[in-house]
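For reference, the chains in residue letters:
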Amino acid sequence: MNDDLIQYLLRLGDTALIQGQRLCEWCGNAPALEEELALMNVGLDLVGQARNWLEYAAELLNDGRTADDLAFGRDERSFRNLLLVEQPNGDYAVTMTKQFLYDAWHFDVLQQLCNSSDERIAGIAAKALKEVTYHLRRSGEWIQRLGDGTEESHARMLAAIEQVWRFTVELGAADETEQRLAAAGIAADHDKAANAWLAEVTQIFTLATLPVPSPANYFYLSGRKGLHTEHLGFILAEMQYLPRTYPNATW
Amino acid sequence: MQPGDLIASDQGARPGSASDIAEAWAVLAEVMDPEVPVVSVVDLGIVREVDWQQGHVHLVVTPTYSGCPATEVIEDDIRQALEQAGFATPNLERRLTPAWNTDLITAQGRERLRAYGIAPPVGSSSKRSLLGESTAICCPQCNSSNTELLSQFGSTACKALYRCRDCLEPFDYFKCI
Ligand SMILES: [Zn+2]
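Line by line, the protein sequences give chains A and B. Here this note's numbering is used: position 23 in the first sequence is 23, and no number is missing along the way. Here this note's numbering is used: position 134 in the second sequence is 134, and no number is missing along the way.
A couple of the hints might just be wrong.
Unchecked claim - Some but not every residue of chain A turned toward chain B, in silico, with C-beta under 7 Å:
{"id": "1", "residue": "Glu34"}
{"id": "2", "residue": "Ala38"}
{"id": "3", "residue": "Asn41"}
{"id": "4", "residue": "Leu44"}
{"id": "5", "residue": "Gln49"}
{"id": "6", "residue": "Lys127"}
{"id": "7", "residue": "Tyr134"}
{"id": "8", "residue": "Arg138"}
Claimed, not checked - In silico negatives: residues of chain B with every beta carbon more than 12 Å from chain A:
{"id": "9", "residue": "Ala18"}
{"id": "10", "residue": "Ala22"}
{"id": "11", "residue": "Ala29"}
{"id": "12", "residue": "Trp52"}
{"id": "13", "residue": "Gly86"}
{"id": "14", "residue": "Leu150"}
{"id": "15", "residue": "Ala157"}
No lab work stands behind these hints, which were simulated from the structure alone. By construction, the Cβ of each residue, glycine as well, lies at the ideal position given by its N, Cα and C atoms.
Based on the sequences and whatever the hints tell you, model everything.
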């Protein structure tokens, strides 16, 4: 059970961390000051949540590594984040589509985790849920604004969904680790989360005059197993450069 | 570790009294938030408990947001202030549960925020007003309720950005969480 729990914490923590890191690429490049502030705030929330999950994982691992060591010292194959969040930011439609698809899933998972039989998980989730409520509201508004906006923004939303939809296959079903933890009341019921996710996506896409694609098909990569797209390596190269080049650097 | 080390490293330990706790609270009331330097950590409600444990003052502190970059700075400031006031090696415990919420900001804290130009949170965090449209936020400059939301995300994680339609000033709103 401990190994399952560690894997689960890495999935939650790595996904939040990589999504946060991706958002920070917009720093200095956002289309408007308010957007820049919002993107950085969301990113900061997620990095903070990642730290909470990874600190817990580090304690259970109990091999002397800290949350920082986990974030900055592991290679691609050891990362357990969802493939969706490692995809490039693209234009604003792609950035917001990724954010919304993640937020809608994240929101339901956290809601369930607030009732986890593991008090530490419930505490981290309760804190994170308050933050993700704002994230979901914001990304959902952007999907509507872009989808139900101009011809150009609508076309870009269609292209964005086409580009990232296949990675939502990972939101669709629980694996054995999640099933065992859910049965023990520790993890979220990921089949339930998948249904809630699809309902939220359908509602917002409909308001945004966007079609909901048919469910994504299984393919050979899996963030849960550490089998990532080529993009993760580039993110890690940038994110881990400093601690790897100057170990134990402080400021 | 030798037993002697424990004793040597705990020379500051002493029995605490009710007046120690009261004094610790008084010291904390002077420790300001680094990002909003008019409200103290007590005004914000992030100090959840103060008691005396194993010969030292012990505090439970709760972060406002998971990723609040001020968390460490605030903890350092608290530790330093207590040490300067004569409390040897204060013991700070960071606790997430129950999660901090804006209801914990004191009446004095709210008044100080307003005077500083930040609209204090409106409504209760326990009500699920988070997802609906927010109630009227009054302009901290002219008190007009004719205001509009510019962005749910402001200069720090805890604030949203508003604009007053009457005096036209933009302002920060300490959002409900
Ligand atoms: Zn005004």
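**Asked** Measuring from the C-beta of Tyr134 of chain A to each C-beta in chain B, is the shortest one below 7 Å?
**Response** This hint holds: Tyr134 of chain A lies near chain B, its Cβ roughly 6 Å from the closest one there, short of 7 Å.
**Item:** chain A versus Ala22 of chain B - minimum CB to CB distance exceeding 12 Å, so not interface
**Value:** Check passes; 29 Å lies beyond 12 Å.
**Message:** If I take the minimum Cβ distance from Ala18 of chain B to any residue of chain A, is it greater than 12 Å?
**Reply:** About 30 Å separates Ala18 of chain B from the closest Cβ of chain A, which puts it past 12 Å; holds.
**Request:** Could you check if Ala38 of chain A really has its C-beta closer than 7 Å to a C-beta on chain B?
**Result:** holds, 4 Å
**chain A versus Gly86 of chain B - minimum CB to CB distance exceeding 12 Å, so not interface** = Given a closest Cβ separation of 29 Å, the condition holds.
**Request:** Classify the hint on Gln49 of chain A as holds or violated, based on whether any CB of chain B lies nearer than 7 Å to its CB.
**Result:** Since the shortest Cβ distance to chain B is 5 Å, the answer is holds.
**Message:** Hint Glu34 of chain A vs chain B: min CB-CB distance below 7 Å?
**Reply:** Interface hint status for Glu34 of chain A: holds (4 Å vs cutoff 7 Å).
**Item:** Interface hint status, Arg138 of chain A versus chain B (Cβ within 7 Å)
**Value:** With a closest approach of 6 Å, the Arg138 of chain A hint holds.
**Item:** 12 Å cut-off, C-beta based - Trp52 of chain B kept clear of every residue in chain A
**Value:** Holds: least Cβ distance 25 Å, greater than 12 Å.
**Request:** Would you settle whether the hint for Asn41 of chain A is holds or violated, based on the nearest Cβ-Cβ distance to chain B being less than 7 Å?
**Result:** holds, 4 Å
**Message:** Would the hint on Lys127 of chain A be counted as holding, given a Cβ-Cβ threshold of 7 Å to chain B?
**Reply:** This interface hint holds because 5 Å falls under the 7 Å limit.
**Status of Ala157 of chain B, Cβ more than 12 Å from any chain A Cβ** = Contrary to the label, Ala157 of chain B does not stay out of reach of chain A, its closest Cβ about 5 Å off (not over 12 Å).
Consistency with the previously given hints fails for numbers 14 and 15, ordered from lowest to highest.
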